[in-house]
Each structure stands twice: as C-alpha cells, then as structure tokens.
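Trainee: Listed below, chain by chain, are the residues.
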Amino acid sequence: MTFPTAPAPHVVAHDSVGRVMRIVIYALLPTVALHVVFFGVGLLIQIALGAATALICEAVALRLRHKPIEPFLKDGSAIVTAILLALCLPPLAPWWLVVSGTAFAILLAKHLYGGLGANPFNPAMVGYAVLLVSFPVQLLQWLPPAGMEIEHVKLSVGETIQTILTGSLPSRLTWDAVTSPTPLDALRTSLKLGMTMVEARAAPIFGTLGGRGWEWINLATLAGGLALLVLRIIRWHIPVAMLGAIVLCASLMYLVDPGTYAGPIFHLTSGASLLGAFFIATDPISAATSDRGRVIYGAGIGVLTYVIRTWGGYPDGVAFAVLLMNLSVPLIDRYTIPRIYGHAR
Amino acid sequence: MTTEELVTGGLRLEAHKQRSTKAPIRAASLTERYVIPLDQHSGLPAVPLVKPSDRVRIWQPIAQPAPGISAWLHSPVSGEVLAIEPRPAPHRLGAPTLSVVIANDGRDERFENAAAIVSFERLSPNEACEHIARGGIVGLGGAAFPTASKLASSLCENGPKLLLNGAECEPYISCDEVLMRERAEDIVFGARALLHALCSPSCTIAIEDDVPDAHTALRLAIDKVGDARIRIKVVPAIYPAGGERQLIATVFDTEVPHDGLPADIGVVCQNVGTAAAIARWIRDGQPLVSRIVTVTGDGVRDAGNLETRIGTPFSSLIADCGGYTERMSRLIMGGSMMGTSLPHDDLPVVKATNCIVAASSLDLQLRGAEMPCIRCGNCSQVCPAFLLPQQLHWYLQPFDSDQLDRHGLLDCIECGCCDYVCPSQIPLVERFREAKPLLTRELDAHLSADAARTRFLARNERLARLEAEHRAKLAAKRRPKNEPSS
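So the sequences go chain by chain: A and B.
If you're matching positions, the first sequence starts at 25 in this note's numbering and goes up one per residue.
If you're matching positions, the second sequence starts at 253 in this note's numbering and goes up one per residue.
One should not assume that every hint holds.
[What the hints assert, rightly or not] SDA-like, lysine to any residue: derived pairs with alpha carbons at most 25 Å apart:
no.	chain 1	residue 1	chain 2	residue 2
1	B	K688	B	A347
2	A	K98	B	K485
3	A	K98	B	V486
4	B	K688	A	R363
5	B	K688	A	T29
6	A	K91	B	P624
7	A	K91	B	L648
8	B	K269	B	A489
9	A	K98	B	A621
10	A	K98	B	R619
11	B	K688	A	K98
12	B	K688	A	I364
13	B	K688	A	P362
14	B	K269	A	T29
15	A	K91	B	M623
16	B	K269	A	H38
17	A	K98	B	T468
18	A	K98	B	K269
19	B	K688	A	G366
20	B	K269	A	P31
21	B	K274	B	D465
22	B	K485	B	T468
23	B	K688	A	H367
24	A	K98	A	V56
25	A	K91	B	K269
26	A	K91	B	K688
27	B	K688	B	S612
28	B	K269	A	A37
29	A	K91	B	A489
Treat the hints as calculated values from the structure; they're not laboratory data.
Excised from the complex, chain B in its bound form:
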C-alpha cells in the first residue's frame, strides 16, 4: 500500500502529477461552439443579457448575477448567440441546464470596456468587491463560489488574514502547480489586490512540500515586488491538506467552527488560481473567460495543462491531448478522490473544471465485493474531520438520526479517505452523501417540532398566568366583604 496514517488524519497518496506537469501550459484549440451554463457557480443562476442571434464580442458580459449570491458571465469568443437552451453540463453530472450557446466567428473581436482596467488602490473595500464581481471571478479550486460574495462577507474591523490555497492535494490535479510555476507574478499581483480589498494585514500562500519549482517561482515573484506582507507556508503533501478547513487548521493552528465560516475566525481562503484570475481582470481587463485545465490519466495520450476557454467541449480538449487510448474507461471531472464521474464527453468546461481525468483500469483501483464492516477503525484513523465512519455506517442501517447527528455526519467533508482504506470495500462516502439530506430534513423536522412544543408550552403557561391573575383580581374584589381590612 502507498498510504501512511497520520495523527491528524489524511493519507499520503501516490502523486500522479508528473505526466501532466512535464510540458508547460499550452493553449487549447478553439472550437466552433461554446456552451456557457448559467448556473456554473454556487448560488443562483445568472440572468442572460443577450438573446439568440445577438452578436457578442470576446469578454462581453452575457449574463448578470441574480439578486443574492450569483456571478457575472462573459463571452469567451466573438460571434453569435445561437440559443439559450438547456444543455448537458458537467457540474450537473451530465443533466441539462440552461446555457448560452455561442457560435465562434474566430475573429476574437474585443469588447471595449473602458471601466475594466482600474487603479485598484483607489477603490474602497466595497468598491473593490463590486469590481471583482464584475469580472465574473469565482473560486477556481472547484467549488466556484462567487469571490466577491466571499470577500464582502469577510470584511471586518482589523482585516481578515488572507490565505491563498496552493496545496493541490488531489493526486491527479496539477493546474495550480503549473500556474504557480509559470505565472507566479499573477498570483502575487492578485494577492496584493486581495490584501487591499480586504484591508488585510497579511497573506499566506500555502503550498505542498513536493513542488519545489513552484516554491522557487513564488519566492522570486514575491521578492520582486518586495511585499513583506506575503509569505509562503509549506505544508506536508497529505491528502486532503488542501481542503479549506484542513488547510486553515494546518497553517493557523485554529479550527473553523463547525457551524461557522473561516471569516468567523478572521481568515479568508482563496485558491491561487482565483488570485491569478483577479490579476488578469484588474491589470489586463480580462474577465474570467478561461482557466487552466489539467487533462491527464492513462486514458489519454498526451497529458498536459491547457489554458482553456470556458465553454470548450471536453471532447475538444481530449482531441488536443491526442485522443483516448484503448484502455480508457472512466471520465472524471476533478480528482481521483473527490471528482465526479461523467457519462460522456460532450460537456463544456465550466469555471469549476480544474481537471479532467481520462482514467484507465491502471488509474482506477476497482472496488472488490463489499463485505460487512469489521470495525477495524482504519477509517477513523484517516478521517481529517476526526469522525468515526465505522459508527456512522452502523447508525445508517437502521437510520438513527440522533446518533448520526451526535457522530457528526454533517461534518463529513466527503474526502473519501475512509473509503480508500476500508478493508471491507464499503462505499462509505456515497452512503454518507446520500444520508446527509435525510438527516438534515429529520433534524429540521425535530427543530420545528421542538419549536411547536415550546410555543404550545408557552401558550399554556400564558393562559395559566392570565387565569391566575383573573382569579387573583376576583379574590381581591371579594376580599373586603369577607375580611375586614386592618
């Protein structure tokens, strides 16, 4: 086995990054059509600003955020809007979702946006957040949470500490590693912009101990601007070190409250890719219309990292990488531990597409037949949330919501470490993922039942009090007749 148990949980997994990091970042080929799903970020779907047969230019806004948490979308090419219709999307596991379909005219005619390039230092924190929102910037680590919303909710008196996450712990993903290696100055520029927007005193860039080239490049970029607020913190390459909560515990030695956000302990965590995207938007006026995608796995001929426009079909990226090998068997968006397996490759790259693994049987380690849990506890040794997966599994059948809550089912981050080490080959994470909504619903039902009971008891008490007061008044009225006052 290639694993090593650690006191803090997590696994030392064999890295599979060399295949995709050998060559520098290259540009993905342009294609005829780009499909931009309107709901590709966390929160509410964006509202289209264009209609079919409209002409659009590259970088032109094509959808604006819905009220609440949402994000801007921009055209990755110049051309014509063909349709706004449901199209299969990778973040919906291949199910259709409303998307803007744009035909590329190949001319890349630039949308003139005079307001795009700004002197960032002059903006107030709120203006800065608003400006970042206009760039369509979302978290590029995989969650695609609108960055401006995260920043706005983190603004505080003394300024939160900024943490840039360069700890790319999933074994196959390398887009952040090559970004740090080749575009470190973008990251540092973005870091300084974020420090300004947050009025933050310090920025920590966390990277793993197995990426010396990226470390050197970042070091040089920081020294070049001579910004003493930015420092690098090396963390052990242990999966899932790059999980937001795990990384904060490693870097700052404090935990995020289970029912809170990093902002509650004065920390804002952003992916290094997000910082670089902010730099391009502020410095060059380029909104988030492209990102680096790692295409790797034994199922594809030439693995690599490709600068890819949002909306490019997976199949086109695979073709850019020499096509599938005969051994190709599973298509995964994201990494081998947490990525989602997709039914086909006619899906567009979205802002959250950090990696496409074309996995062959050599990459996949297929599960054996499931056996009963023997309570060996290997799972609890590797759980980064310090849960007892063996007990959670026990309380799933029959479903014991009280015990599942006590054992922290909702604190599970679905990293897959427990699955990985289970000798009984139980698909624990899949079970937990399915059970979470059930538990949430039951707990809500309990809560509303509790609230109803509290209301009922309060009402009874109130009625009893009124009754008592009434009797007391009556008694007071009668008293002078019966008892002569002194």
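With the rest of the complex left out, here is chain A:
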C-alpha cells in the first residue's frame, strides 16, 4: 500500500493567530463595557467605524500586495488594532478622526512594512500618535464621566451618532459644556497653575484611586489583562516590568515631593497605564522577543511613560513610550539572546 508523506512532527496543537486575537478582543470587552457606562455609546460607534475602516483597508492592502484576503481578514488582528485605537479617542470625536487614524495604522504602519508579523511599530499607537500630532484639539475633547457632581450631559444614541458624523453637537449644547479634561491632563494643568496636589485632587473629576470613572475602567482592563495572563496569551514579563517601572518612578518622585508629584496608585489607575501594559506593549510583533528582552522593553516603556506624562507636553505618554521602545527592539533583541543548551553560562 502507498501513503502520502509529510514532514515531522505529525501532530500540532490546535492553535491559530485568529484564536489568539479573538481572545484579546474578548478580554477587552469589560473595558469597553465600563467605558460605555461612564462615557456613553460613543465608543461603540467609534469601534464600529474603526473596525469597518480596518477591514476595508486590510482587504485593499492585501489585494494590492497579491495576498490571499480571506485568511488575513479572519485573523482578527485588524479588529484588535481598531479597538485599541478607538479606546484612545474621545467618544464624541468626529468620524474622520477614527477613520483616518485606523487607515493610517493599517495601510502605512502595518502593510507598508509587510503586513501581519512584519510591522516594527504597534499600528494602533502609530495611528494614535499621528492623530495626536495632527489634531490635538479634537483629541482633548473628552467627556466628563457619569456620576460626577458637576452637570453631566447625557446624549441619546441618535445624538451621539449625529455628533460623531457631523462633528457638531445638538443645538442645545456647546463643546465647552460637554467636554472635560482627562484626569492626567487636569492634574498637570492644576499643578502648573500652582495648586498643591491636595487642592488639585479635590476637583470632582478625581476619584479615590485616580480619575473618577477611569479608575473603574482601568480595573476592568486589569481583569481582562489578568485573563490574558491566565490563558497564556501574554506572559508576565512586559506588563510586570512596565507597571513596575511606573510604580518605581512614581514612588520615587512622590517620596521626593508629594506636593508636586502624584503617587503610584494614581499613575496606575489613570490614563492608559493598564491598557498599555496588558494590551498594547504586549503586542508580540513589535515587542522584544526573549524573556529578558521583554523585561527590558517593558521597563523602558514604563519609565518613558512616566517621564512623558510628568514632564512632557502630551496628555499621556504610553503611545510615544511604546513607539520609542519599538524602535529599540532590534537592539534589545540583539543583546538578549538567551544562553543555548550546552554553551558556556
């Protein structure tokens, strides 16, 4: 009898890029849900716009590169990029912001470098950085979270869609009335105005841990991130190193001058610290690849995040920190090759 032959191994585990990406998307759901609770349905519309843009751009790029379209559209990586970028944008940001940012991420940051697996920079962060540099005003138009003592303006679903699509609010409202700075931004501004930390933190936008509302969203992100760790989609090196570095920097500066510098808990539960640590910096494609390399990479992101947040001119530092460390990955990889079996220690 004759049989077809194949190379060893003859068994493989049933794993796929699609499965990995799907689990990442599921792990982001708690964050998305709490985001909607505190800021309304804007995020869902942003995600829908971003995901549609991502899939269309992915298909166009694959077509132009003569690659099979179906398996790559199904791998879910474009959707993950779209969701991560949408999470960074204000919920009422005009449609063209998320569309252009996502298109830039997929077409330039991903496919121009060779598509899935070949992009040296995190596509979502490239998209965000481009938007932040090009349209800083729109990116700062955050809403106040629900449940604050100050007037919280609730937009209906229809009004939300209308605002995102037309770029203008319903006639009863003005931008000044509905927007509020993010906690990190508010803190920076207050401190610049000469307030002490205690005075600044007394503002209604702050909660017990960090920014009101934000602290809950961040705890949801933490839960999703821990799920990824348990499911072995990510490993501990990057998140622990990044968060550890943030805590270290924040504690150090807080000890030096608690009146001027926010403490470690505030830094962990504000801005994109946790989203960055578990979902952005852990993107394996643009991260360092050995265990030791990942610790260095994560710690670098943590330090840069703290530095940019504290002394830089941008609302948060995660995006630039990630991009800067993406840039260092080839160097880190070169010097962190693990010892091979049988070679000298």
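Given the structure of chain A, go ahead and fit chain B onto it with the hints provided.
Mentor: Coordinates of chain B only, in the frame set by chain A:
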C-alpha cells in the same frame, strides 16, 4: 490543548501508549524473505561476507564492519542468500540501499559460534568492546549508533557514569516500556556488563513517572542481583525528556557541551533496549537479529508490541496486527513528533525501527494554512535547547548565516516542540532541518576563508620580517665605513 509549558522547555503531551501496552510482547510471524540493509546503522555500510546463493544459518554473520564506525550484521533466519542488491529502506525514506536478501527455509538452523558465549568478567575493557561489536549491537533508541564505538570512545581513567535511557517520551512508542515491564532482568544483566566494560562506578536507569509497572519490575530485578551500583531515577514525563542531552541535564544537572559528547563530561548514555540486547548476546550468544517493535495508531486494528526479526517487511507486521483500518492515512516510522513518514509498507524492519505508527486522521492533527510569524514566543518557551525559533525563522529569509549561527541553528535537536505550539502553523522544524546543511557549508566556507586570510597575513608578515632582516644585515655591513666604531 493538552500541553503544559515548562520552565526547562518541552511539552506535556497526551500519551497514546495504552493501546499498545495492554497485551504482552508477542512474536511477529515469520515471512519468506528478509531484507537486511547494509547501512542500517550510523557510520559506514557493513561489508558483505556472503554472496548470492550462499547458505546461511540463523545468527551467522553476513556482513562485517567497514574500517571506522560501522557494525556487524547477522542473519535473522536460516536459508539462502537470494541477492545483494539495492532495496527500498525505511531509514532512507523508501529510497533503495544495498541490502542482503535472504530466503527463509523455516528451519532456523543455528550457526554454531563457540566464541559467542563468554565469561564477560574476565574480559578487559577493550576486549569487552570488541566482543559487543561482534554481536552487531547498535543503539536501539532510534539512532542505531554502533554501541562498541560509543563505549570505546567513552573509556576514561575513573570510568564514566552509565546512564540507561528508559525515558520513552514520544507519545506513541512503548517498546521500551514493555521491555522494562517484561524483561527487566535482561536490562539489569546488560547494565552490569556495561558497568564492567566501562569500568564504570555507577549506573542510573532513567524512567518516566507514568510507567509504574516498569518501575516495579526494574526495582525487583535490581534487588534480585543486589547490585548497589544500579539505581533508578524517575524523570517527569515531558517530551523530549528522553533526548540524550535533555536526559543528562535532568539526571545529572550538567549539560553536554554544545560541541562535545556526553563522554566529555564523563557520561555514557545507552538505551535500555541496547542493554537488553547486550545481555542476550553475552548470556545467550544471540546477536542483534531481532528487536521489539511497537505497532500502533488508529490506522491498525490490533496495536501491540512485537518481537520482530530484523528484515521483516512492515506489511507483515501490519498483517500480524489485523491489517489497516479504513481510516488509515499515514505510515510513520518512529513517533508522532520525530518519526519519518514513509511512502509505502514494503520496507524491512531495521535495527532502528522502534515503532510503526499507522496513523489515521484521528491520530494526526493536520496543520492549518501557514500564517506569518507573530513573534508570540510560544516556541521559545517550549524549546528544550533554549533557542528562539521565532528569531531563527526570521533570519532564514533572507538567509543570514551570521545571525543563524549566533542564534544556535545547529543546536536545534529537531524535536518538533516549536512546531507543535506555533499558532501560525509554520513548519519550523522542516525549515530548520533544510537550513542546517546550508549553514554548515557557509560556516565552513567562512572558516576556510578565515584560514586563507590568516595564512596570507602570516606570509606578508614573514616576508616583511625577512626583508627587514635583510636590510638590517646590509646596514650592518655598511655601517663600519660610515660610522667609526667606538
């Protein structure tokens, strides 16, 4: 998934041994023809001692080792030599290789070899190695390296430590497990012979933690002879715990140098099957003409372990096991992780045939479409050689010999763990296997280029020195005229 990542690399794979270990070892049916490939061991092909139409008896030597690393071959039956011609062989992936074809007369007439049974304790280490060589003994773990050569190169001042490998980590193979369970006293006898041949102080028999029956049998056999030099070490059933280098690291907590051999750190590793074969040769005068073969998989009706004469066709073994099932789809010699897939079953069992997997689609987990590497690093978590397969893969295209060397491509043991866990379904091991000879060739070219450069520079230096000396001599000759000496 049925895997568990471990700090030291490797995978906890689902074992598929129960089907073949339920029944005791049985004898494979005899067939009309036996095909004995002359190159079935590592090293050089053996040189035939017989010619077509010669009569041979069972256990009679039919080929002697070529000078260098090679092995004796013996007839598994009595009968007539039909031909010495190229025949398809499993260790050549079905390609033909020069083989002795013997027609079985069914009488099993014994070859009288007065020298076979010896009082082993009287032999010196060198004589002992020579005697083991005459039994045609080769490593039965799958590599078929001539045992005597391995022993001879391991002899040292204080005697190397002996390690008997009973850690059968490939999920489908169970020939060593049933051997330990049923013929533990052979293994212990062989162990003592090896201890003597090596002047070795101690023997460690390594077995996995999921074979309690084999453990008990070995324990009893050791206690029976009361040899305190022999101990059992239980290792976790993690694939590839039974790889020689991995096992040595687990048992002795030292690593074999990457460019060296176990002998360099004073260890000799032998398969338990090899020890049992040595026992049969020394005690009973039976050279290596048969071995236990596991026949298993969902593609065969009655899985089991068969005492099989070397040269028996695979098809005959399959018939002994009730034939193929309708689901049969791939024929594998060896295990599911490292075994080779064969094009047909008209191939002889060789000394290296530890297992035949008749695999159905239920056994095989077919690869999905290949996707690009996402650098997830799952591969580097399971690599028992501590490599970064994701980086090796990156440096294959375009071929970067410098980086491939730095990342240890040649240290890859091709165990397949990285392939197994890859979410992008990349056939990593196949790529690495193909790339290794290319890299070796490029490194050799670099080396010879370096040597040429060194020679050239040395020559220039030498010429410059000669020139300088010459000038100095000339200057010395002239000097008295120009400068009055003091």
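Trainee: Work down the list of hints and note, for each, if the structure agrees.
Mentor: Hint by hint, here is what the structure shows:
Only pairs whose Cα atoms come within 25 Å are accepted, and K688 of chain B paired with A347 of chain B is accepted, the gap being roughly 22 Å. With a C-alpha separation of about 48 Å, the suggested pair K98 of chain A and K485 of chain B falls outside the 25 Å cut-off, and the hint is violated. For the given pair, K98 of chain A sits about 45 Å from V486 of chain B by alpha-carbon distance, which is inconsistent with the 25 Å threshold. Of the pairs offered as hints, the one joining K688 of chain B and R363 of chain A holds, with about 20 Å between alpha carbons and a cut-off of 25 Å not exceeded.
At most 25 Å may separate the alpha-carbon atoms for a hinted pair to count; K688 of chain B and T29 of chain A meet this at roughly 21 Å. Simply put, K91 of chain A and P624 of chain B have alpha-carbon atoms about 12 Å apart, close enough for the 25 Å limit, and the pair holds. Distance check on the hinted pair: K91 of chain A and L648 of chain B sit about 21 Å apart at the alpha-carbon level, within 25 Å; holds. As the CA atoms of K269 of chain B and A489 of chain B are separated by approximately 13 Å, the hinted pair is consistent with the 25 Å bound.
In summary, the hint linking K98 of chain A to A621 of chain B is supported, as the alpha carbons are separated by about 12 Å, within the 25 Å threshold. Taking the CA atoms of K98 of chain A and R619 of chain B, the gap is about 17 Å. The hint holds against a cut of 25 Å. Proposed proximity of K688 of chain B and K98 of chain A is contradicted: the alpha carbons are some 34 Å apart, above 25 Å. Between K688 of chain B and I364 of chain A the CA atoms are separated by roughly 16 Å; this keeps the pair inside 25 Å, and the hint holds.
Of the supplied pair hints, the one linking K688 of chain B and P362 of chain A holds, its CA atoms being roughly 20 Å apart against a limit of 25 Å. At most 25 Å may separate the alpha-carbon atoms for a hinted pair to count; K269 of chain B and T29 of chain A meet this at roughly 23 Å. Using a Cα cut-off of 25 Å, the hinted pair K91 of chain A and M623 of chain B holds, with the two alpha carbons roughly 11 Å apart. Annotation: proposed proximity of K269 of chain B to H38 of chain A holds, straight-line Cα distance about 21 Å (limit 25 Å).
About 52 Å separates the Cα atoms of K98 of chain A and T468 of chain B, which puts this hinted pair outside 25 Å; it is violated. Of the supplied pair hints, the one linking K98 of chain A and K269 of chain B is violated, its CA atoms being roughly 37 Å apart against a limit of 25 Å. Restraint check for K688 of chain B and G366 of chain A: satisfied, since their Cα atoms lie roughly 18 Å apart, inside the 25 Å limit. For the proposed pair K269 of chain B and P31 of chain A, the alpha carbon gap of about 22 Å is at most 25 Å, so the pair holds.
Among the hinted pairs, K274 of chain B with D465 of chain B is consistent with the structure: their alpha-carbon atoms are about 12 Å apart, no more than 25 Å. A C-alpha spacing of about 12 Å is found between K485 of chain B and T468 of chain B, which places the hinted pair at or below 25 Å, so the restraint holds. Between K688 of chain B and H367 of chain A the alpha-carbon distance is near 18 Å, which keeps this suggested pair within the 25 Å criterion. Restraint check for K98 of chain A and V56 of chain A: the C-alpha separation of about 22 Å stays at or below 25 Å, so the hint holds.
With a C-alpha separation of about 43 Å, the suggested pairing of K91 of chain A with K269 of chain B is violated against the 25 Å cut-off. Our distance criterion of 25 Å between C-alpha atoms is broken by K91 of chain A and K688 of chain B, whose separation comes to about 29 Å. Using a Cα cut-off of 25 Å, the hinted pair K688 of chain B and S612 of chain B is violated, with the two alpha carbons roughly 31 Å apart. Proximity of K269 of chain B to A37 of chain A is assessed by CA-CA distance (about 19 Å); at most 25 Å being required, the pair is judged to hold.
Under the criterion of a C-alpha separation no larger than 25 Å, the hint pairing K91 of chain A with A489 of chain B is inconsistent with the structure, at around 42 Å.
Comparing the model with each numbered hint stated earlier shows that hints 2, 3, 11, 17, 18, 25, 26, 27, 29 do not hold.
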